[in-house]
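*Asks:* Full structure from sequences and hints, please.
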Amino acid sequence: MSSPSRWTYVFAGLSVALAAFCVVQWRREAALRSELAEAGGQVAVSEKKAFDAAKLADTYAGEIRTLETRVTELKKAEAGLKSDALKASTALRKAEAGLLQAKADLGAAKEAVVRQNDAIRKQNAVIAEQNDGIRRLNEAFKKVVDDRNEVVRLLNERTDMLNKLNAEKTGK
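Just so you know, we're using this note's numbering here: the sequence shown kicks off at 2 and counts up by one.
To be clear, the hints were calculated from the coordinates, so they are not data collected in a lab. All of these numbers come straight from a predicted model, not from anything done at the bench. Just so it is clear, CB atoms sit at the ideal spot from N, CA and C, and this is done for glycine as well. Warning: the hint list may mix true and false statements.
Label-pair ranges, simulated between beta-carbon atoms [what the hints assert, rightly or not]:
1. Val72 - Lys111: 53 to 61 Å
2. Asp119 - Lys95: 29 to 37 Å
3. Asp119 - Asp85: 43 to 51 Å
4. Lys143 - Ala120: 30 to 38 Å
5. Ala86 - Asn125: 48 to 56 Å
*Replies:* What follows is the structure, encoded as C-alpha cells:
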C-alpha cells in the first residue's frame, strides 16, 4: 500500500474543516431561524397591537369628534344660558325695584288705613252719640205721642160730654 499523499491529507483536512464550517454554519442558521421565528412572532404580536391600537385610535377619534360636537353644543347652550341669566338678572332687578316701590306704597297705604281707621272710630263715636240722641228723641217722641194721645182721648171724652150736654139742652 502506498502511503497517502500529502494532498490527501490536505483534502481530508479541508474536508474536515469544511464539515466543521458546515456544522458551525448550520448552527448559525438554526440560531438565525430561531431568531427569525421569534422576531416573526414579535412582529405578529406587534402587528396585532398596531391593528388594535389603530382600531382604538379610530374609536378615540370618533369619541373625540362626538365630544367636540357636544362641547360646541354646550358652548352654545352656555351662551344661551348666559343670555337668559342676564335677562333674568335684569328682570330680577326690575322686580326688586317694583317690590321696593310696592313696599313703599304698602307703607303709605298702611298709614292711610290707620288714618282711615282712626277717622272711622271717631265717626263711629259720633254715630254712637247720634244714636243715643236719636234713642232719647224717640223716647221723648213716644212720650210726646203718648201725652198727645192722652190729651186727644181726654179731648174726645170732653167733646163727647159736651155733645151730650148740648144734645140734652137742645132736646129740652
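*Asks:* Confirm or reject the claim that Ala86 and Asn125 have a C-beta distance inside 48 to 56 Å.
*Replies:* holds, 55 Å
*Asks:* At the C-beta level, are Val72 and Lys111 separated by a distance inside 53 to 61 Å?
*Replies:* holds, 55 Å
*Asks:* Verify the CB-CB distance for Asp119 and Asp85 against the hinted window 43 to 51 Å.
*Replies:* About 49 Å separates the Cβ atoms of Asp119 and Asp85, which means 43 to 51 Å holds.
*Asks:* Given the range 29 to 37 Å, decide if the beta-carbon distance of Asp119 to Lys95 lies inside it.
*Replies:* Because 36 Å falls inside the window, the suggested range holds.
*Asks:* Could you check the hint for me, namely that Lys143 and Ala120 are 30 to 38 Å apart, CB to CB?
*Replies:* holds, 34 Å
Of the hints listed earlier, there is not a single one the structure fails to meet.
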